[in-house]
Structure formats: structure tokens, C-alpha cells
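Enquirer: This is what each chain is made of:
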Amino acid sequence: QKEVEQDPGPLSVPEGAIVSLNCTYSNSAFQYFMWYRQYSRKGPELLMYTYSSGNKEDGRFTAQVDKSSKYISLFIRDSQPSDSATYLCAMSAPSNFGNEKLTFGTGTRLTIIP
Amino acid sequence: DAGVTQSPTHLIKTRGQHVTLRCSPISGHKSVSWYQQVLGQGPQFIFQYYEKEERGRGNFPDRFSARQFPNYSSELNVNALLLGDSALYLCASSLVSSTDTQYFGPGTRLTVL
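Residue numbers (the numbering used here), protein chains in the order written: chain X, 1 to 114; chain H, 1 to 113.
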């Protein structure tokens, strides 16, 4: 069993819709949770970073963490064609040298249809 | 401010050859990590270097090695290339604190023929 599970999609939604992306994890040592956006053939770009259960909002993006269920989500409101990308969840455990080892999901490929 | 930079952008090698990939972290960041991303998969952790020492290693063979220089830049070396080493190699830098996370460069796309 993988430490982090993420539905690879692909996921297609019409412009303006609310998008929900999810990951589950099995390692209870994970305390830091991130969402990255990756455009084709580019490096991952950090979207959201949180280290507590609950919701964190940034513009059209909301990250949700439920540590008791080992489940994290990313919601995108008013989706735009420019949101079309692969979304990667990532998480890490505390260590002496920061969050050096990120464990990623496989990524969900999202397409927003104009 | 410049982000993480990597060179070269693309590279084509043949089986058995050696490759060196380079990374410069964000100014002020002292930790560099390397990841391998095979097409259709999430990045897999290879190494972390901090203050020129290896601080973490993923599940990769000894053909993979790295080092960090006094200016915090880093090199990833892969010997005896295999077809399966074809991937996007990503470098990430961070401040090394309990609440900081990693910022990725654009990657080097390696193709092994």
C-alpha cells in the first residue's frame, strides 16, 4: 500500500465549477501537508501549505486537513481554464532538517472546459 | 527574486553513460533536495543536502550520488544510466525550519536511449 493515495483522474469540469481534489494517507507521522500545481513539463508550484487540521483559504483555493481520518482536500472555486494542470498532494513528517522528504501522491490531471 | 534554477533543461544520453545535473537554490536557502519524477507519477525523493552533508536519502541505488558546494548549489550524478532513469529530475530548496516547505525548480528532463 502506498503511503499517499491520490485519484489520478483525469478530471474534466466546466468553467466556473467547484473542483474537489483529495488524498488519503496511511503514515500518522505526517504533520505537514501541501498542494502543488504542475503544468505540463514544468516544475511543481506550491499552492497551499498547512500543518493543522481544519481549513485554510487563499483566494479561490481552500485546503482542508482531517488528521483523524488521514484525509486532505483542495477545493477550487470559480474554476478557470488557467487552472488546468496536474495537482499534486504532498506531505512530510517533522525532522531535524526541516521538511526534507516530501511524499507525493501520483497527481490528479484537471482540465477546465471553457 | 530568482527562484530555483536548474541546468541543463534537457539532456539525452545512452545506456551506460554518466550524467551530472546542476541546481542553484533560492538565495538564503541552505537545503537542497533532489526528486525523480517519472511520467505520470508524483516526484520521488532521492536526496537532501544541508550544509554540504547528506541529511536524507530515498530508495535509490548507489548509482545515484550528489554533493553540495559552499555556495549551497548542488549536483546530482547518475552513473551507468539505465532506460528506466529517463525522467524529470527536480531540485527543491528550503530554509530548513520546522514550518518551511520546499520550492521547486523547473527540472531537467533526462532521456536515456
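Accuracy of the hints is not assured; some may be wrong.
[Claimed, not checked] A partial selection of chain X residues facing chain H, derived with a Cβ cut-off under 8 angstroms:
{"hint": "1", "residue": "Ala-17"}
{"hint": "2", "residue": "Ala-29"}
{"hint": "3", "residue": "Met-34"}
{"hint": "4", "residue": "Tyr-39"}
{"hint": "5", "residue": "Leu-46"}
{"hint": "6", "residue": "Gly-59"}
{"hint": "7", "residue": "Phe-61"}
{"hint": "8", "residue": "Lys-101"}
{"hint": "9", "residue": "Leu-102"}
[As the list claims (entries may be wrong)] Chain X residues, not near chain H, derived (Cβ > 10 angstroms throughout):
{"hint": "10", "residue": "Gln-6"}
{"hint": "11", "residue": "Asp-7"}
{"hint": "12", "residue": "Glu-45"}
{"hint": "13", "residue": "Asp-83"}
{"hint": "14", "residue": "Ser-84"}
{"hint": "15", "residue": "Thr-103"}
[Said to hold, decoys possible] Stretch-level coverage of chain H by chain X, calculated; a stretch enters the list once three of its residues show a Cβ under 8 angstroms from a Cβ in chain X:
{"hint": "16", "region": "34-44"}
{"hint": "17", "region": "47-61"}
{"hint": "18", "region": "106-112"}
Keep in mind that the hints were calculated from the coordinates and are not lab data.
Every residue, glycine too, gets a C-beta built ideally from N, C-alpha and C.
Enquirer: Would you mind marking each hint as holding or not holding in the structure?
Expert: Consistency of the hints with the structure:
Interface restraint check: Ala-17/X against chain H, minimum CB-CB distance 25 angstroms, threshold 8 angstroms, status violated. At its closest, the beta carbon of Ala-29/X sits 14 angstroms from a beta carbon of chain H; the interface hint therefore is violated under the 8 angstroms criterion. Hint on Met-34/X holds. Least Cβ distance to chain H is approximately 6 angstroms, under the 8 angstroms limit. Against a cut-off of 8 angstroms between C-beta atoms, the interface hint on Tyr-39/X is violated, since the closest Cβ of chain H lies about 10 angstroms away.
Because the closest C-beta pair between Leu-46/X and chain H is about 6 angstroms apart, less than 8 angstroms, the hint holds. This hint is violated: Gly-59/X has a C-beta 18 angstroms from the nearest C-beta of chain H, more than the 8 angstroms allowed. Using the Cβ-Cβ criterion of 8 angstroms, the hint placing Phe-61/X at the interface with chain H is not satisfied: the shortest such distance is roughly 15 angstroms. At about 5 angstroms, the closest approach between the beta carbon of Lys-101/X and any beta carbon in chain H falls short of 8 angstroms, and the interface hint on this residue holds.
Hint status for Leu-102/X relative to chain H: holds, with the closest Cβ pair at about 6 angstroms, below 8 angstroms. A beta-carbon of chain H is positioned within 10 angstroms of the beta-carbon of Gln-6/X; the least distance is around 7 angstroms. Non-interface call for Asp-7/X relative to chain H: holds, since the shortest CB-CB distance, roughly 12 angstroms, exceeds 10 angstroms. For Glu-45/X, the non-interface assignment is contradicted: its Cβ lies about 7 angstroms from the closest Cβ of chain H, within the 10 angstroms cut-off.
Separation of Asp-83/X from chain H is adequate, the least Cβ-Cβ distance of about 19 angstroms exceeding the 10 angstroms criterion. Residue-level check passed: Ser-84/X sits 17 angstroms from the nearest beta carbon of chain H, beyond 10 angstroms. Distance check on Thr-103/X: its Cβ comes as close as 7 angstroms (rounded) to a Cβ of chain H, failing to clear the 10 angstroms threshold; non-interface status is violated. Interface restraint, the region 34-44 of chain H with chain X: holds (6 residues with C-beta to C-beta distance below 8 angstroms; minimum three).
Counting residues of the region 47-61 of chain H whose beta carbon lies closer than 8 angstroms to any beta carbon of chain X gives 5, which reaches the threshold of three, so the coverage claim holds. Counting residues of the region 106-112 of chain H whose beta carbon lies closer than 8 angstroms to any beta carbon of chain X gives 3, which meets the minimum of three for the stated coverage.
Violation of the numbered hints given earlier is confined to hints 1, 2, 4, 6, 7, 10, 12, 15; the remaining hints are satisfied by the structure.
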